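Q: Residue strings, one per chain:
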Amino acid sequence: MLEAQNLFKSFHNSIILNDISFKIPAGSISALLGPSGSGKSTLLRCISRLEAVDSGKLTFQGQPLSILPSHAIGMVFQGFHLFPHMTVLQNLVHAPLQLKQMNRVNAELQAKTLLEKFGLKSKAAQFPGQLSGGQKQRVAIARALIVNPPILLFDEPTSALDPEMVSDIADLIQSLKSPTRLIIIATHELQVAKLTADQILFLDHGVLIENAPKKDFFAKPQSKRAQQFLNNLTIS
Amino acid sequence: MTLHFETIWPSLPFIIAGLGVTLKFTCVSLLGGLPLGILLALAKISHQAVLRWLAQVYTSIFRGTPLLVQLFIFYFATPQLTGYAISTFEAGVLTFSLNSTAYSSEIIRAGIQAIDRGQWDAAHVLGLSYWQTLKSIILPQAVRNILPALVNEIVDLLKESALISTLGEADLLRRSQIVASEKFLFFEPLLIAAVGYYSVIMAISILAKVLERKLKHA
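So the sequences go chain by chain: A and B. Mapping to numbering that gives the first Met the number 0: the first sequence position 158 is 157, numbers consecutive. Mapping to numbering that gives the first Met the number 0: the second sequence position 105 is 104, numbers consecutive.
Certain hints may be false.
[Claimed, not checked] Quick list of simulated restraints, FRET-style, between CB atoms:
(1) 55/A <-> 208/B: 52 to 58 Å
(2) 143/B <-> 53/A: 52 to 58 Å
(3) 116/B <-> 24/A: 49 to 55 Å
(4) 208/B <-> 24/A: 54 to 60 Å
(5) 38/B <-> 68/A: 27 to 33 Å
(6) 45/B <-> 124/A: 16 to 22 Å
Derived by calculation from the structure, the hints in this document are not laboratory data. Please read all numbers here as calculations on a predicted model, not as lab measurements. Don't be surprised by glycine CBs; every beta carbon is placed ideally from N, CA and C.
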């Protein structure tokens, strides 16, 4: 269970996260939904420990996130951020080897298994620059998964890709669901949330406006702001 | 105009031997200047305002005064200030290293800052420390981008090492001057020195191009 209690975060006197609290159970997929600037990426960065909250508590299984080992949280970035000077295989095994989380034999075996699962077996020796957008994303997912983190975060997984690939990405994310893993996706893409999430957390201007099961959220959003957001996207 | 290369010919090995001295000054200064340049570049992008300020002052002083003045201060003023009789080699290497540090730090700083912030983020989320990220993620990418500028700096260092001849060190230039004054012929020995410098610089440029191409394909 990932729990956030009264999170506040501001940059240059502008409040980005305003008293955010929620609980996300293990084994679930949650979507942070909201318009641009709603604070969903910042919230994801706080969970990934790239940003520190100004106040409030973030805990996982009762432990503060700050004391969890690095392999507890995996993140797939919007721009993938693969290391361009390393091959696909090196991208996957570099950190686990540097941090002595795995020995080389295990790391490479695990990396090759993941690459095979994602249809990238033949790309192991290639560099990120030689891959398509979709392939880069699958490498980024494999890199995050190699240490089998119990928390997996996706920042706008569809925004850098062809719109036709949305359902492929959704299927891929669904396939990563496991009872021991908790997945959070920050997105402004309704389709991704609809296809993957169990729970929707709707944010606007740094405030968590709704936290509801997917079915309820899409069928009958409680807040006017969420209704408006859904209407706007449905119309467009 | 008459040229007397035949008179200079016997002195050719003596002049060319100076290339060893020139290269020794260049290589040792480079070994000092590049690592210090990396450290100074890190100070320039540090979160500590004091470090950033100190790094800027350092660069400003070494860029804002002639190299020859710096060399003379290190050579002539060190004994006066510290009582230590500094050798020409020590003074030369110290001056060239510290001067090169200022210039290379600017190149390296720009190279590091040109790397997408997302690379730092990705490495951080994977658990890599600041130094691990710098060493294995940021610097290899930065070096690829700044290689031409770094090669320019090495070439500058090699050419500037000729200033050591003003302290009597028998480098390529100094040896050609010695031969010139012995034989009362100036163009020929100086031309040999110039060709010596040019050949080494061309070799460095070709090597850099090959390296650049290799890195590009990697």
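Q: So which of those numbered hints doesn't the model satisfy?
A: The structure conflicts with hints 2, 3, 6, although it agrees with all the remaining ones.
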